[in-house]
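Trainee: The listed protein sequences correspond, in order, to chains A and B. Going by numbering that gives the first Met the number 0, the first sequence opens with residue 0, and the numbers climb by one from there. Going by numbering that gives the first Met the number 0, the second sequence opens with residue 0, and the numbers climb by one from there.
Hints may contain errors.
Listed next, the stretches of chain A that the computed footprint assigns to chain B, with coverage defined by at least 3 CB atoms under 8 Å from CB atoms of chain B [to be verified]:
hint : stretch
1    : 15 to 23
2    : 26 to 34
3    : 37 to 51
Source of the hints: derived by calculation from the structure; they are not laboratory data. Virtual Cβ for every residue (Gly too), placed ideally from N, Cα, C.
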Amino acid sequence: MAMSDADRPLGGSGRLVQKLHVLTRRGAFGRVLIAATGTRPLTLRGTGIDVWDFFEAPHTEPELVDWLAQRYRVPPAAVASDVAPVLAKLRDEGLLGWAS
Amino acid sequence: MGIMTLTFGAVCAQGLPGAPVLDAFPLGIEWGALFDRAVDERAVSLLACAVAEGLISATPAQEEQLGVGHEAAMRSCVWLERWTLDVVGLLADAAIEVRVLKGPAVAHLDYPDPAWRAFGDIDVLVPSSRYDDAIRVLLAVGGRRRSEEVRPGFDRRFGKGACVTLLNGVQVDVHRTLASGPFGLTVELGELFRGSEVVTLADRPVPVLSRELRLVHACYHAALGDAVPRVVALRDVAQMLGSTELDFDEVRRIGKRWRAEIVLARAISLTWDALQLAATPASEWATGYSGDRFERRALSAYVGADRSYARQMLAGLPAVSGLSAKISYVRSLAFVDPNYAVRHGGGFGRRVRRAWNARTGRERVA
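Turn these sequences into a full structure, and let the hints steer you where they fit.
Mentor: Spelled out as structure tokens, the structure:
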């Protein structure tokens, strides 16, 4: 049986991108997002916003890790463990998808 | 006018042309009262955005409080927009034309950023001929009407619309016209669907009223809605009037055709008074406009201490076209549906009789 898009594991060479059908607002508090078929809004703050903005164009997870590591001068391994749950959440909420 | 009122209106005007210049929010008890009022009037987003734009300074504690309130308001807005898309989709599937009103339309098209404008429900306008179908579509997915009709079929012919609460608690106001009572009955309903603009929500086009009709509707809401209009309703009027793309002459022509220029004038005057804006040609026109006898009489049903839905309904009689329609209208008011009467304890009929007696001079309405 073919693997569904949602089941595809994160990481590796696959490129993620923001989905088009997302409703959003921004403010000093951060960013709120919900997919057009979402079940609840999600609030992003700090580096969560950086992660979201990074995927305005398609990128791989390792590219994100490298970019954040340079930006915040943090070891890539530490960044990788921090961003994995954020990416999983964004994908589970229907906000990020695989670029074709 | 107290200091609190003056400060609140001036604060909520920040970012508008001609707004009073303010340095900072008040402190202590005055700040607490101002913030509470902003919460009540759904104006926290206005204050938060004014601070973010550097238009007014806030202490770190005030910024924190505004941030929490703004986040909650924006979570609610995206949630409502998500369900707006579903409601529009359901109506489209039933081949019912729709215009999304107020909240999402105004926030995205009339404000510098949608984060300035919070809203608390979904408003859609449908053609009068498809009004019953639209209600049925929402009931079919588990929605429930919040209130009964005066009589079956009354809303479709004479009413403003109805509120349907969806299973998830989201309230959808389904409109067939822009107000209850006489000013709802004089609206040329076909004009509302002639042309439209589009707001893009989640990459999907959603039809809304044209810029001029959005202002007319904002004026109806501000002048005829709540006894004391919420500041956000007034801010909408000022926000739209500040647009260089608006054709105010066309707005007045619409008001004239609908015998409702007095509604526009009242909304603009209320706005300029409350927000303490510098005079403009539109505000000067509004100040000088007094209306004809029909307009003044119709407006009196919406304002003052004795305003009521029953009074508005009774005042609508002169605006109903045709003898048979007038008879049907009067019969609906005189013989309300038993379900409606039970739910309202007979109060509607009593209020209609009192309004009628007051109109004919037989009883003073306190």
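Trainee: Work down the list of hints and note, for each, if the structure agrees.
Mentor: Status of the hints after comparison with the structure:
Look at the stretch 15 to 23 of chain A against chain B: 5 of its residues bring a Cβ nearer than 8 Å to a Cβ of that chain, three or more, so the hint holds. Counting residues of the stretch 26 to 34 of chain A whose CB falls under 8 Å from any CB of chain B gives 8; the rule of at least 3 is met. Residues of the stretch 37 to 51 of chain A lying with their CB closer than 8 Å to a CB of chain B number 4, which satisfies the three-residue condition for coverage.
Hint compliance for this structure: every hint is met.
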